[in-house]
Amino acid sequence: MSTENFNIRIMVVDDDAMVREIVVEYLKAFGFTNILEVRQSARALKHIQDVKEEMDLVISDWEMPDPCGVDLLRAIKKNPHREKVKFIMITSQKSMERVKIAQAASLGCDAYIVKPFRSKILKEKIYQVLGWELQKAG
Amino acid sequence: MTKVHPNLKWNRRILVVDDERSIADSYEDILCPAESVVSLGSSRSSRSKSPIENTLPGAIEFKFEVDVAYSAEEALEKIKQSIVDGKPYSMGFFDVKLGGGMDGVELVKEAFHLCPDMFAVFVTAHTDRSIENIQSVVGVENVDHWDYLSKPFSHSEILQKARNFTTLWNLAREQQVHEEQLQVMRNKMMDNEIASSVAAVARGVGHEFGNILMQIIGKAELSLNKNEEGLREAMDKVLDASQRAIEILDRFKDLTESGSASVEKSDFNLSDMVQGVQELMEHQIKVSGIKVKMDIPKGMMVHANQTSLMQVIVNLIINAIHASGGEGAVDITAEKTGDVSFIKVRDYGPGVDESLLEKIVLPLFTTKGDGGTGLGLAICKEIVEIEHKGRMSVDNASDGQSGFVVRIEIPDRKLQEVA
Chain X
1 MSTENFNIRI MVVDDDAMVR EIVVEYLKAF GFTNILEVRQ SARALKHIQD
51 VKEEMDLVIS DWEMPDPCGV DLLRAIKKNP HREKVKFIMI TSQKSMERVK
101 IAQAASLGCD AYIVKPFRSK ILKEKIYQVL GWELQKAG
Chain U
1 MTKVHPNLKW NRRILVVDDE RSIADSYEDI LCPAESVVSL GSSRSSRSKS
51 PIENTLPGAI EFKFEVDVAY SAEEALEKIK QSIVDGKPYS MGFFDVKLGG
101 GMDGVELVKE AFHLCPDMFA VFVTAHTDRS IENIQSVVGV ENVDHWDYLS
151 KPFSHSEILQ KARNFTTLWN LAREQQVHEE QLQVMRNKMM DNEIASSVAA
201 VARGVGHEFG NILMQIIGKA ELSLNKNEEG LREAMDKVLD ASQRAIEILD
251 RFKDLTESGS ASVEKSDFNL SDMVQGVQEL MEHQIKVSGI KVKMDIPKGM
301 MVHANQTSLM QVIVNLIINA IHASGGEGAV DITAEKTGDV SFIKVRDYGP
351 GVDESLLEKI VLPLFTTKGD GGTGLGLAIC KEIVEIEHKG RMSVDNASDG
401 QSGFVVRIEI PDRKLQEVA
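Residue numbers (this note's numbering), protein chains in the order written: chain X, 1 to 138; chain U, 1 to 419.
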C-alpha cells in the first residue's frame, strides 16, 4: 500500500457540467487539492498527449462526442509516458453496461463507476486504483 | 387478426331458389350426385355410379353443398341464417320468376345487401326481365357479381357456373385474408419501429436521469457538512434538478402516449414541441456531435396528433444523425402559409443517390444496410399523409451544399376534416 498523497494531479473529464461539478466537489471533500477540470474531451486528449502536463489519475465520462471516454483511455494506455496514470471510467446505467465494462477492462481501465453514485463509491474506487488503504471511518 | 390455415377450407355452399320443386331439386342431382367425390386423377370406384357422372366423366372434382329454397322469403331466411352461422353461401342460382311477391332479381338485390361477397346466377326465360333491367335493379356496383343462364339449361352449364363462381368467391376470400395478414404484419413492423425510436430516445433519457440523480445525490450528500446558507444553496440545486427531471418525464410521456392507438388531435405550439424533442434527445444529439438548429416562428400553431408528430421529428433527427456521421448540422425550420404548416428538416450529410429518392420512403427500403429496418421514413410518411391528410416529400438539398431534405405539409383542422 502506498501512502495517501492528496496532492496528486487528477483530471476530471465530463461534458455535463452538473456531473463534473459534483465529482470535483466530492474530490475536494475527500481532501484532494490538485484538480484539473475539463469539459471538452478533445482538450482532455491534448492534455494527455502533452507530456509536460502532470497527471496521476483520470476520471472520465464514457459518452462524449469524439473523442469519447474509451478514446481517452486508449490514449493513456498506449502512451509510455502515461503508464503510471490510473483511469476511472464513469457511465450511465444501461443495458450495454456489461459489454462496456468488459471492453473497458480489456483496454486496461482501472475502475468503472455507474452513475448515479454516492461519494463513498468514488472514494473506494480512487483508493483502490491508487493502492491506498481505506480507513474504515473514511 | 384472422388466422389462416395453410389449407384454408374452401366454401362450396350454394343456394338454389326456384318455386318449382322438381327443378329446384334437380340442381342437387347435378351439383351433388350420390357418389360424387371423384377426383380427376383418381382411379374409378368400382361401386355403382350415378348417370350424371357417366355423362360428365371426371367433371366433378369436389362436392358442393346445396341448400334449396322454394320462395324468396325462405331464401332470405336461409341467407340470414347462413350469416349467423358463419357459413355464408358462396353463390346461388336464382329463378327470376318466383310466383310470390318478390321476384328473383329483387331477392338478389336484397341478398347482395346482406352478403356483398356472394355471387348470383339468374336463371331466366326470354319472357322474364331483360338484362338491362336486371342490371338497373341489382345495381352497377354489383355488376361483377352476377351472371345468367337461359332456360332450358344443361347440366354442364350449371356445373360450370357453380365451379367458376365458388372458385371466384374463395379466391377473393383468400386474397382478402392475405391482405389482412399483410396489414397486420405491416402494423406490427410499424409499431416495432416506433418502439425502437422511442427506445433510442429512452436510452438518452436514462443517461440524462443518471446525471440529474447525480446532481441530486451529490448536492444532498455534500450539503450534510455545510452551514445553513450552504444547505439552502444545495437544496436549491436539488430542486432545480428535480424540476428538470419532471420536465423530461413530461416530454417523454408526450412521446409515448399510447402511440398509434391514440388519434386525438389538438392545436399546439410547434416550436415548443420541437424544442421538447430536442431536449429529450439532448444526449444523443450531444454524443453524435451534430448541431440541431431550429428556426420556427414562436407561437406557430399546428393541428396534429402531438405524439405522432413528435415521433416523426424524432425519426427524422435520428436519420439525420445517422446520415451526418459524427459531425454537421440538422436544420429544422417551419412556416405557415394560409391554412398549411410547412416543416422542413435538412441535414448536411451526403444526401441520397437520385435513383433511390423515390424508393427511400417505401417500407423496408434502407440505405443503412443492417443498421436500419427501413421503416423510419415510411412511418413518417404514413403519419403525415394518412393520419394528417398532409404531404411528405424527400429530396437532396439544392442550395449547392450536400444534404437530405424532408418537407412536410400539415393542413389545418378544417382541411384535415374535409379531406
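Hints are computed from structural coordinates only; laboratory data are not their basis. Where is the CB? At the ideal position from N, CA and C, for every residue including glycine. A portion of the hints provided could be inaccurate.
What the hints assert, rightly or not - Below, a sample of chain U positions facing chain X; criterion: calculated Cβ distance under 8 Å:
(1) Ile83
(2) Ile131
(3) Gly206
(4) Asn211
(5) Gln215
(6) Gly218
(7) Glu221
(8) Leu222
(9) Lys286
(10) Gly289
(11) Val292
(12) Met294
(13) Gly326
To be verified - Dumping the calculated DSS-like pairs for lysine-lysine here, alpha-carbon to alpha-carbon at most 25 Å:
(14) Lys414/U / Lys100/X
(15) Lys161/U / Lys237/U
(16) Lys120/X / Lys237/U
(17) Lys253/U / Lys123/X
(18) Lys100/X / Lys28/X
(19) Lys120/X / Lys226/U
(20) Lys109/U / Lys161/U
(21) Lys253/U / Lys298/U
Hint check results:
1. Interface hint at Ile83/U: violated, since its Cβ lies 51 Å from the closest Cβ of chain X, which is beyond the 8 Å cut-off.
2. For Ile131/U, the interface hint is violated, the least distance from its beta-carbon to any beta-carbon of chain X being 69 Å, above 8 Å.
3. The beta carbon of Gly206/U comes within 6 Å of a beta carbon in chain X, closer than 8 Å, and the hint placing it at the interface holds.
4. For the restraint placing Asn211/U at the interface with chain X, the shortest Cβ-Cβ distance is roughly 5 Å, inside the 8 Å limit, so the hint holds.
5. Below 8 Å, beta-carbon pairs count as interface contacts, and Gln215/U has one with chain X at about 4 Å; its hint therefore holds.
6. Taken as an interface hint, Gly218/U checks out: its beta carbon lies about 3 Å from the nearest beta carbon of chain X, inside 8 Å.
7. At its closest, the beta carbon of Glu221/U sits 6 Å from a beta carbon of chain X; the interface hint therefore holds under the 8 Å criterion.
8. Annotation: interface hint on Leu222/U holds; nearest CB of chain X at approximately 5 Å, less than 8 Å.
9. With 8 Å as the threshold, the beta carbon of Lys286/U comes within range of chain X, its nearest partner Cβ sitting at about 6 Å, so the hint holds.
10. Satisfaction of the interface hint for Gly289/U is found here, the shortest Cβ-Cβ separation to chain X being roughly 4 Å, below the 8 Å cut-off.
11. Evaluation of the Val292/U hint against chain X yields a violated restraint, the C-beta minimum of about 13 Å exceeding 8 Å.
12. At a threshold of 8 Å, the smallest CB-CB gap from Met294/U to chain X is about 19 Å, leaving the interface hint violated.
13. With 8 Å as the threshold, the beta carbon of Gly326/U comes within range of chain X, its nearest partner Cβ sitting at about 6 Å, so the hint holds.
14. The suggested pairing of Lys414/U with Lys100/X is violated, with an alpha-carbon distance near 52 Å, which exceeds 25 Å.
15. A distance of roughly 83 Å separates the Cα atoms of Lys161/U and Lys237/U; the hinted pair therefore is violated under the 25 Å criterion.
16. Among the hinted pairs, Lys120/X with Lys237/U is consistent with the structure: their alpha-carbon atoms are about 21 Å apart, no more than 25 Å.
17. Distance check on the hinted pair: Lys253/U and Lys123/X sit about 37 Å apart at the alpha-carbon level, beyond 25 Å; violated.
18. Using a Cα cut-off of 25 Å, the hinted pair Lys100/X and Lys28/X is violated, with the two alpha carbons roughly 29 Å apart.
19. Between the alpha carbons of Lys120/X and Lys226/U the distance comes to roughly 18 Å, so the proposed pair stays at or under 25 Å and holds.
20. Straight-line distance between C-alpha atoms of Lys109/U and Lys161/U comes to about 19 Å, which keeps the hinted pair within the 25 Å bound.
21. Of the supplied pair hints, the one linking Lys253/U and Lys298/U holds, its CA atoms being roughly 23 Å apart against a limit of 25 Å.
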